[in-house]
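**Q** Under our numbering, residue 160 is the last one in the sequence shown; the count climbs by one each step, no gaps.
Worth double-checking, as some hints may not be accurate.
[Stated by the list, open to error] Derived Cβ-Cβ restraints for the label pairs, each shown as a range:
{"hint": "1", "residue 1": "Val150", "residue 2": "Ser97", "range": "38 to 46 Å"}
{"hint": "2", "residue 1": "Thr55", "residue 2": "Ala18", "range": "18 to 26 Å"}
{"hint": "3", "residue 1": "Ser157", "residue 2": "Asp3", "range": "26 to 34 Å"}
Read the hints as simulated data drawn from the structure, not as lab findings. All figures in this text were calculated on a predicted structure; none of them were measured in a lab. Idealized CB from N, CA, C, for every residue including glycine.
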Amino acid sequence: MDVNKIFESISTIEGIALNSEANVIMVPSASLLAVADKFKNDIDLNFDFLMCVTALDNGDSENFTIAYNFHSNKHNHSVELRVVVVDGEGVPSLASIWKTADWHEREAYDLMGIKFIGHPELKRILLPEDWEGFPLRKNYKVADYYHGVPIPKDKSYWE
């Protein structure tokens with residue numbers, strides 16, 4: 002099933018839009034759970050696998066984009082949803098619908114600071130609990146020291 006037919010099957014849900022150039026479906030945060038429920042439970046869609054959750058820093062605004070990539074093993078079709086979220090507002094967690102969302106959402110929270118409302122255990126997964134800030138944000142400022150250890154400013158060896 003192509004993205005146009007997938008879009009048609011959820012077109013009654015408020016606020017969604019098809020970006021045919023990027024082959025993605027744009028979903029407002031308020032409609033994310035309704036779309037997720039339809040994706041999981043509609044027998045014609047049957048998206049049984051949430052492959053990836055990616056947080057994107059748009060850089061020039063206070064908005065972030067969350068990209069969700071779904072796949073149906075039964076029907077062998079895939080789709081990407083995107084949700085724009087304003088910094089600090091959060092987006093509903095999908096961890097209760099797809100277990101794979103648990104760690105993906107924790108990683109996006111840990112490195113980008115995106116809050117997933119209703120997540121069962123939203124806490125850091127990679128960085129220490131006392132780490133300040135979210136290092137994958139474009140506006141992140143690297144501290145001079147962490148627990149007395151200097152943090153190198155020269156990024157040439159990893160960039």
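**Q** Each of the hints needs a verdict: does it hold here or not?
**A** So, going through the hints one by one against the coordinates:
1. Between Val150 and Ser97 the beta carbons are some 39 Å apart, a value that agrees with the proposed interval 38 to 46 Å.
2. A hinted range of 18 to 26 Å for the beta carbons of Thr55 and Ala18 is consistent with their spacing of about 19 Å.
3. For Ser157 paired with Asp3, a C-beta distance near 44 Å fails the hint of 26 to 34 Å.
Hint check: a violation occurs at hint 3 only; the rest are consistent with the structure.
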